[in-house]
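Protein chains in written order, with this note's numbering: chain A, 1 to 387; chain B, 1 to 281.
Calculated from the structure, these hints are not laboratory results. Since this is a predicted model, take the numbers as computed values, not measurements. Honestly, I wouldn't trust all of these hints.
Below, in silico cross-link-like pairs of lysine-lysine (DSSO-like), each with a Cα-Cα straight-line distance of 27 Å or less [as the list claims (entries may be wrong)]:
| id | chain 1 | residue 1 | chain 2 | residue 2 |
| --- | --- | --- | --- | --- |
| 1 | A | K80 | A | K142 |
| 2 | B | K178 | B | K3 |
| 3 | B | K196 | B | K178 |
| 4 | B | K125 | A | K3 |
| 5 | A | K297 | B | K178 |
| 6 | B | K253 | A | K297 |
| 7 | B | K178 | B | K137 |
| 8 | A | K20 | B | K130 |
| 9 | A | K108 | A | K120 |
| 10 | B | K253 | B | K178 |
| 11 | A | K108 | A | K80 |
| 12 | A | K20 | B | K125 |
| 13 | B | K74 | B | K3 |
| 14 | A | K120 | A | K72 |
| 15 | A | K3 | B | K106 |
| 16 | A | K20 | B | K137 |
| 17 | B | K106 | B | K74 |
| 18 | A | K108 | A | K142 |
| 19 | A | K137 | A | K72 |
| 20 | B | K74 | A | K3 |
| 21 | B | K106 | B | K125 |
| 22 | A | K120 | A | K142 |
| 23 | B | K125 | B | K74 |
| 24 | B | K74 | B | K137 |
Some chain B residues judged to face chain A by a derived CB distance under 7 Å, without partners named [claimed, not checked]:
| id | residue |
| --- | --- |
| 25 | A48 |
| 26 | L50 |
| 27 | S69 |
| 28 | R72 |
| 29 | R73 |
| 30 | I77 |
| 31 | P79 |
| 32 | A81 |
| 33 | A83 |
| 34 | A87 |
| 35 | F96 |
| 36 | R99 |
| 37 | L100 |
| 38 | A101 |
Glycine is no exception: its CB is placed at the ideal position from the N, C-alpha and C atoms.
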Amino acid sequence: MRKVVTTIAVNDIRLLLRDKGGAFVTFVFPLAYCIFFGLIFATHNTSPRAIDIVIVDEDHNQQSEEFVELLKQSGAVELKMASREQAMEQVRRGNHAAYVVITEGFGKASQNVRTDDRPKIEIGLDPSRKAESEVVKGLISKYAFEFFYSHINKRLVGDVPDNQHEAWSGFTPVEIETTEIVQTRTGPSSSYDISFPQGIIWGVLGCCASFGISLVNERTTGTLSRLLVAPITRTDILAGKALACFSSTLLLGTVLFVVGMVAFNVNPQAPFHLAISLLAISTAFVGIMMFISILGKTERAVSGIGWAVLLSMAMLGGGMVPRFFMPHWMQTLSTISPVSWAILAMEGAVWRGFSTSEMLLPWSVLAGVGLLFFVIGVRGFSWPDKG
Amino acid sequence: MLKVCQLCKRFGSILAVDSLSFDAQPGEILGLLGPNGAGKTTSINMIAGLLHADAGEVDVGGLGSPTRSEVRRKIGIAPQALALYDALTGEENLRFFGRLAGLSGKALRDRVSWSLDFVLLTDRKHDRVKTYSGGMKRRINLAAALVHDPPLLLLDEPTVGVDPQSRNALFENVLAMKAQGRTVIYTTHYMEEAEKLCDRVGIMDHGAFLAFDTVARLIEAYGGHSMVTVERQNGRVQIESDDPLAECVRLQKEGEILSLRVDQPNLERVFLNLTGRAMRD
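The whole structure should be built from the sequences, with the hints applied where relevant.
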């Protein structure tokens, strides 16, 4: 790397640190965010209102479909149909709290009253989500009983008076077998596993805005003209600016994670993955910084429009409210925000237990976003001699 | 040191610089004098390699065009707009620009120290530029142009908005640079500056030279006659004369004089005679 590039980068970082407002937004605010929201999440139930479970119907008959319908109508769970393998993968990734398998023979067995041939349901549970798991087990037992009661009892004795219900007391109509998913991830060990990635995103956004605005400031104050007269190339200048933003975001992410590890028990499952994630995030937001710098001719314009763009990315991408609080349609929509990929890249390394192949998607998206926006930014950048 | 040949620049329908040609030697201060919008800054920017000329050539020290980075190493520029980082100290600014020019280690320290001494800002070197007065900012702007020891200096309106003391200090700096053998291209619209500092002056308007010569020759050619103003009991009279001394003697013989004033032709008269008296802004 050319020495002038590092000279420009060091100068830009020094200027960022001299700007008290910029330094606060970039370094202090994110840490305050991590701690504040970590505390809030820690004292509140972070589970969604309806528990997401995956249903595997291996029986494929009228009885199994009726049982699924009964669960749907309960409103206590949100269901998604899948194969057994897909269901296990979804729970393993932490996307769903549990899966429920309606085993083959469920329909036939539900027509019998023989205790040695009861309908069988398998439940795969995420052991890190104990509260949700217990709720799922309870719900399945409850609705299985209702299902059994409405089918078997009606078939055998017709409508039974209420006082006859006692006859079934102590009888378990459905065999429920639970399995803990053997997996590499253990889920977030604490609320700080969630709040630190989010807080780091705010620091990254602060860096992005500060360096984008500083690039415009160089043009309006004339220092960019002086840089252009220096015996260096335009590529050196832009590379220096990019390096400053890249180094700052990388440093910010590293420092905050170290603080999280030392003081808040944040324990990344895959530190190497986390390092690559931080590199990918820095790459993405260097590109976005360059793009921000062309959104206006003045610092005020770039600051206003730039923050509007960044805040929209943050809102949509789970930087303000964790994605699992969002409705499904919004979670899907949020994938257009680089922030959601940045958070996924960090969470994948910290607590989701993503494999390297699973991490490739967020890393690739972030690198692609960085490259795309950087090219747009460089092509659209207004040099002093081009007006 | 500098050769400018048939330089042209157009911004849309406006011809900002029109076939400008001149050269400047080491140890020479060359003034570009003209009203606002005459094309002085555009010319400076092309000479610095900051703007690409539509036509014509600039050659610095026989090395070629300033669009090449190694040629720009020979150039120092003090732009009209103060191009400094307010949040950095004077010394930090000079160190940064010195590093960009390729200086490092002792050479950098020595040049920064020399530049600060040169503009009399050593005692304020650790203060941030935003705390400097207007005159001090102009001086550190000049130091930033000098820090890498360039043989060619481009000073664009270097005394705008400074008090007489700072202006005088800047004059001394510019004359010292001439004594060091540097070539200085100096744009201004202050006549007394050009008259006091410049060996040759080009009077520009509408992007072209109206006249280009030494100050004395310009005055001789375009300054007109001396003006003798005499006031008597019965009123005031102004007389143009090639020989103001003889005119004064003659006026004294004609009767009692209450007051007498002789205005020699100067660069301001040359400027107004060439560019007219119409307002430009």
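Hint by hint, here is what the structure shows:
1. At most 27 Å may separate the alpha-carbon atoms for a hinted pair to count; A:K80 and A:K142 meet this at roughly 20 Å.
2. Only pairs whose Cα atoms come within 27 Å are accepted, and B:K178 paired with B:K3 is accepted, the gap being roughly 18 Å.
3. This hinted pair checks out: B:K196 and B:K178 have alpha carbons roughly 13 Å apart, not beyond 27 Å.
4. Proposed proximity of B:K125 and A:K3 is supported: the alpha carbons are some 25 Å apart, at most 27 Å.
5. Between A:K297 and B:K178 the CA atoms are separated by roughly 39 Å; this puts the pair beyond 27 Å, and the hint is violated.
6. Restraint check for B:K253 and A:K297: the C-alpha separation of about 70 Å exceeds 27 Å, so the hint is violated.
7. Taking the CA atoms of B:K178 and B:K137, the gap is about 22 Å. The hint holds against a cut of 27 Å.
8. Pair hint A:K20 plus B:K130 holds up; C-alpha atoms about 15 Å apart against a cutoff of 27 Å.
9. Proposed proximity of A:K108 and A:K120 is supported: the alpha carbons are some 11 Å apart, at most 27 Å.
10. Note on B:K253 and B:K178: the hinted pairing is violated, with a Cα-Cα distance of about 48 Å set against a maximum of 27 Å.
11. A distance of roughly 24 Å separates the Cα atoms of A:K108 and A:K80; the hinted pair therefore holds under the 27 Å criterion.
12. A threshold of 27 Å between alpha carbons decides the hint, and for A:K20 with B:K125 the separation of about 22 Å falls inside it, so the pair holds.
13. With a CA separation close to 14 Å, the supplied pair B:K74 and B:K3 stays within the 27 Å bound.
14. This hinted pair checks out: A:K120 and A:K72 have alpha carbons roughly 19 Å apart, not beyond 27 Å.
15. Restraint check for A:K3 and B:K106: the C-alpha separation of about 17 Å stays at or below 27 Å, so the hint holds.
16. Between A:K20 and B:K137, the direct Cα distance comes to roughly 23 Å. Compliance with the 27 Å bound is thereby established for this hinted pair.
17. Distance check on the hinted pair: B:K106 and B:K74 sit about 20 Å apart at the alpha-carbon level, within 27 Å; holds.
18. Under the criterion of a C-alpha separation no larger than 27 Å, the hint pairing A:K108 with A:K142 is consistent with the structure, at around 20 Å.
19. For the suggested pair A:K137 and A:K72, the alpha carbons sit about 15 Å apart, so the restraint of at most 27 Å is met.
20. The straight-line distance between the Cα atoms of B:K74 and A:K3 is roughly 20 Å, inside the 27 Å bound, and the hint therefore holds.
21. For a cut-off of 27 Å, the pair hint linking B:K106 to B:K125 stands: about 18 Å separates their Cα positions.
22. Distance restraint check for A:K120 and A:K142: the Cα-Cα separation of roughly 14 Å lies within the 27 Å cut-off, and the hinted pair is therefore satisfied.
23. Taking the CA atoms of B:K125 and B:K74, the gap is near 25 Å; set against the 27 Å cutoff, the hint holds.
24. In summary, the hint linking B:K74 to B:K137 is supported, as the alpha carbons are separated by about 23 Å, within the 27 Å threshold.
25. With its C-beta approaching chain A no nearer than about 5 Å, B:A48 sits inside the 7 Å limit, and its interface hint holds.
26. With a least beta-carbon distance of about 5 Å to chain A, the hint placing B:L50 at the interface is held under the 7 Å criterion.
27. Interface restraint check for B:S69: the shortest CB-CB distance to chain A comes to about 4 Å, inside 7 Å, so the restraint holds.
28. Taking 7 Å as the C-beta cut-off, the interface hint given for B:R72 holds, the closest approach to chain A being about 5 Å.
29. For B:R73, the shortest C-beta to C-beta distance to chain A is roughly 4 Å, which falls under 7 Å, so the interface hint holds.
30. Interface hint status for B:I77: upheld, as the beta-carbon distance to the closest one in chain A is roughly 5 Å, under 7 Å.
31. Using the Cβ-Cβ criterion of 7 Å, the hint placing B:P79 at the interface with chain A is satisfied: the shortest such distance is roughly 5 Å.
32. The criterion of a C-beta within 7 Å of any C-beta in chain A is met by B:A81, whose closest approach is roughly 4 Å, and the hint holds.
33. Residue-level restraint check for B:A83 holds (minimum Cβ-Cβ distance to chain A is 4 Å; threshold 7 Å).
34. Hint status for B:A87 relative to chain A: holds, with the closest Cβ pair at about 4 Å, below 7 Å.
35. Hint status for B:F96 relative to chain A: holds, with the closest Cβ pair at about 5 Å, below 7 Å.
36. Annotation: B:R99 was flagged as interfacial toward chain A, and the flag holds, the nearest CB pair being 5 Å apart, inside 7 Å.
37. Hint status for B:L100 relative to chain A: holds, with the closest Cβ pair at about 4 Å, below 7 Å.
38. Nearest Cβ of chain A to the Cβ of B:A101: about 6 Å, under the 7 Å cut. The hint holds.
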